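For the record, the sequence lines run as chains Y and Z. Residue numbering for the first sequence is -7 to 102, as defined by the working numbering. Residue numbering for the second sequence is 15 to 134, as defined by the working numbering.
Everything labelled a hint here was simulated from the structure, so no lab data went into it. Because the structure is a prediction, the values reported are computed rather than measured. Backbone N, C-alpha and C define an ideal beta-carbon position, used for all residues, glycine too. Do not rely on the hints blindly, as some may be mistaken.
[Stated by the list, open to error] Within a straight-line C-alpha distance of at most 20 angstroms, the following computed PhoX-like cross-link-like pairs (lysine-lysine) qualify:
1. Z/LYS45 with Y/LYS98
2. Y/LYS38 with Y/LYS98
3. Z/LYS90 with Y/LYS38
4. Z/LYS45 with Z/LYS90
[Claimed, not checked] Cβ pair distances, simulated, as ranges:
5. Z/GLU15 with Y/ASP53: 35 to 45 angstroms
6. Z/GLY30 with Y/GLY7: 30 to 40 angstroms
7. Y/GLY22 with Z/GLN96: 26 to 36 angstroms
8. Y/GLY7 with Z/ASN91: 28 to 38 angstroms
9. Z/SER66 with Y/GLY22: 41 to 51 angstroms
10. Y/GLY7 with Z/SER31: 46 to 56 angstroms
11. Y/SER87 with Z/ARG81: 19 to 29 angstroms
12. Z/LYS79 with Y/SER18: 19 to 29 angstroms
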Amino acid sequence: QSVLTQPPSASGTPGQRVTISCSGSSSNIGSNGVIWYQQLPGTAPKLLIYTNNQRPSGVPDRFSGSKSGTSASLAISGLQSEDEADYYCATWDDSLIGYVFGSGTKVTVL
Amino acid sequence: EVQLVESGGGLVQPGGSLRLSCAASGFTFNKYNMNWARQAPGKGLEWVSKISSTTRTSFYAESVKGRFTISRDNAKNSLYLQMTGLRVDDTAVYYCARETWTGSPTIDHWGQGTLVTVSP
């Protein structure tokens, strides 16, 4: 059972907007920045969003993040076929003294 | 370019031991905290352990505490994970990961992973 809660799946047609939620608690999301990773099939995770809503260089601005209290969300606008992947939220947990991850959301482009 | 290359994975029997290594390049290794994370087949990501840049502090997930030991050699730009008392549920791809500070700890780079299979 993951500490952070994500929906197992999400889908949309090309060009649509898809949103993924991530719910935690005061010791993790409530206290630290939220991170989002994209994992394409058979590859290592890649940093997509950090500190709730910051994009590393090279990440398209179609990806955006937000946080409110102990919940966060990732939005993908203008969905493209190459966005088919697993998406994980993560953050540091001050009580567990370690990183915690969501269970992952599989995004399918219909 | 940041590169993290893991090695040392393989097949081991339950109760056995294995030592994973991670060779880092493309950044000043001794200035960064480092982590190990893992992903069981078809499952999600799980953090395993973290070591500070100076090696003075380390942290472990409850699932591996007392069985795994993280270490590093800053002179060799290398990170290690000594795994003992391996169990079937330790079977996973193990990732070496760099941590940076963005106001809170953030894993920003991952290696490609090395597969550890624990099976009779």
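Right, here's what the structure says about each hint:
no. : hint                                     : verdict
1   : Z/LYS45 with Y/LYS98                     : violated (35 angstroms)
2   : Y/LYS38 with Y/LYS98                     : holds (15 angstroms)
3   : Z/LYS90 with Y/LYS38                     : violated (25 angstroms)
4   : Z/LYS45 with Z/LYS90                     : holds (13 angstroms)
5   : Z/GLU15 with Y/ASP53: 35 to 45 angstroms : violated (23 angstroms)
6   : Z/GLY30 with Y/GLY7: 30 to 40 angstroms  : violated (51 angstroms)
7   : Y/GLY22 with Z/GLN96: 26 to 36 angstroms : holds (34 angstroms)
8   : Y/GLY7 with Z/ASN91: 28 to 38 angstroms  : violated (45 angstroms)
9   : Z/SER66 with Y/GLY22: 41 to 51 angstroms : violated (24 angstroms)
10  : Y/GLY7 with Z/SER31: 46 to 56 angstroms  : holds (52 angstroms)
11  : Y/SER87 with Z/ARG81: 19 to 29 angstroms : holds (22 angstroms)
12  : Z/LYS79 with Y/SER18: 19 to 29 angstroms : holds (24 angstroms)
Hint compliance for this structure: hints 1, 3, 5, 6, 8, 9 are not met, and every other hint is.
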